[in-house]
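Asks: Sequential numbering from 1475 applies to the sequence shown in my numbering.
By construction, these hints were calculated from the structure, which means they are not laboratory data.
Among the hints, a few may not be true.
As the list claims (entries may be wrong) - Mimicking DSS-like on lysine-lysine, the simulated pairs with C-alpha atoms at most 25 Å apart in a straight line are:
{"hint": "1", "residue 1": "K1581", "residue 2": "K1591"}
{"hint": "2", "residue 1": "K1598", "residue 2": "K1571"}
{"hint": "3", "residue 1": "K1581", "residue 2": "K1555"}
{"hint": "4", "residue 1": "K1592", "residue 2": "K1609"}
{"hint": "5", "residue 1": "K1555", "residue 2": "K1609"}
{"hint": "6", "residue 1": "K1592", "residue 2": "K1553"}
{"hint": "7", "residue 1": "K1571", "residue 2": "K1581"}
To be verified - Here are the in silico distance ranges between beta carbons for each label pair:
{"hint": "8", "residue 1": "D1605", "residue 2": "K1559", "range": "36 to 44 Å"}
{"hint": "9", "residue 1": "A1520", "residue 2": "F1611", "range": "42 to 50 Å"}
{"hint": "10", "residue 1": "T1595", "residue 2": "R1550", "range": "43 to 51 Å"}
{"hint": "11", "residue 1": "P1565", "residue 2": "A1519", "range": "34 to 42 Å"}
{"hint": "12", "residue 1": "S1625", "residue 2": "L1593", "range": "13 to 21 Å"}
{"hint": "13", "residue 1": "I1491", "residue 2": "V1624", "range": "26 to 34 Å"}
{"hint": "14", "residue 1": "P1526", "residue 2": "Q1613", "range": "36 to 44 Å"}
{"hint": "15", "residue 1": "N1587", "residue 2": "E1554", "range": "23 to 31 Å"}
{"hint": "16", "residue 1": "E1602", "residue 2": "Q1538", "range": "37 to 45 Å"}
{"hint": "17", "residue 1": "K1598", "residue 2": "E1554", "range": "43 to 51 Å"}
{"hint": "18", "residue 1": "T1595", "residue 2": "R1536", "range": "27 to 35 Å"}
{"hint": "19", "residue 1": "K1581", "residue 2": "A1551", "range": "43 to 51 Å"}
{"hint": "20", "residue 1": "M1547", "residue 2": "V1629", "range": "15 to 23 Å"}
{"hint": "21", "residue 1": "V1527", "residue 2": "E1585", "range": "30 to 38 Å"}
The beta carbon of each residue, even a glycine, is placed where N, CA and C say it ideally should be.
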Amino acid sequence: MIAHYLHNLTTKRFLLILCVMFFLGAADVYAEQGGKPFYSNNPIAAQIDGEPVYLDDLKHVRIQETLQQLYEMQTRALKEKILVKLTEKHPELIAEKIPKVTNAEIKSFYEGNPGIKKLGTLSKVSAEIRDYLEKSFRQVHIEQQYQNAVSQGWV
């Protein structure tokens, strides 16, 4: 009985000491970082003569533009993936096809954008205009399908 009591007391002391050491160690790591949490949205990118250079210090207009483009690409990719998965259960989503680009739309786009005329004649730039309009029509179509799926409560 006494041996059992001493064993329980020793175990409790050991656990108490272990907990104290854990919390002191965590506090020491936190203190070494100068009050910054270990995981941060603004991590240290480099140290110069012991002074930290944080990721936010590197922000530049071009980097922000690139990050915005990346976000937009990821958003489009996510919407496309959602629509692909939804078409398995809701085939009516694929019933509506992406509209084809007509020669009249290419001509209208060429005539409506004076900057493009500087690049060359209509016959010279029509392939590039067609590619641009096809991508634009596709993005609009995907956005419309996605919004339809949201309104149906599927997403």
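Asks: It remains to establish, for every hint, whether it holds in the given structure.
Replies: Okay, the hints, checked on the actual structure:
{"no.": "1", "hint": "K1581 x K1591", "in the structure": "holds (11 Å)"}
{"no.": "2", "hint": "K1598 x K1571", "in the structure": "violated (28 Å)"}
{"no.": "3", "hint": "K1581 x K1555", "in the structure": "violated (33 Å)"}
{"no.": "4", "hint": "K1592 x K1609", "in the structure": "holds (22 Å)"}
{"no.": "5", "hint": "K1555 x K1609", "in the structure": "holds (17 Å)"}
{"no.": "6", "hint": "K1592 x K1553", "in the structure": "violated (36 Å)"}
{"no.": "7", "hint": "K1571 x K1581", "in the structure": "holds (23 Å)"}
{"no.": "8", "hint": "D1605 x K1559: 36 to 44 Å", "in the structure": "violated (28 Å)"}
{"no.": "9", "hint": "A1520 x F1611: 42 to 50 Å", "in the structure": "holds (45 Å)"}
{"no.": "10", "hint": "T1595 x R1550: 43 to 51 Å", "in the structure": "violated (32 Å)"}
{"no.": "11", "hint": "P1565 x A1519: 34 to 42 Å", "in the structure": "violated (49 Å)"}
{"no.": "12", "hint": "S1625 x L1593: 13 to 21 Å", "in the structure": "violated (40 Å)"}
{"no.": "13", "hint": "I1491 x V1624: 26 to 34 Å", "in the structure": "violated (56 Å)"}
{"no.": "14", "hint": "P1526 x Q1613: 36 to 44 Å", "in the structure": "holds (41 Å)"}
{"no.": "15", "hint": "N1587 x E1554: 23 to 31 Å", "in the structure": "holds (28 Å)"}
{"no.": "16", "hint": "E1602 x Q1538: 37 to 45 Å", "in the structure": "violated (28 Å)"}
{"no.": "17", "hint": "K1598 x E1554: 43 to 51 Å", "in the structure": "violated (32 Å)"}
{"no.": "18", "hint": "T1595 x R1536: 27 to 35 Å", "in the structure": "holds (34 Å)"}
{"no.": "19", "hint": "K1581 x A1551: 43 to 51 Å", "in the structure": "violated (32 Å)"}
{"no.": "20", "hint": "M1547 x V1629: 15 to 23 Å", "in the structure": "holds (19 Å)"}
{"no.": "21", "hint": "V1527 x E1585: 30 to 38 Å", "in the structure": "violated (51 Å)"}
Hints 2, 3, 6, 8, 10, 11, 12, 13, 16, 17, 19 and 21, counting from the list given before, are not met by this structure.
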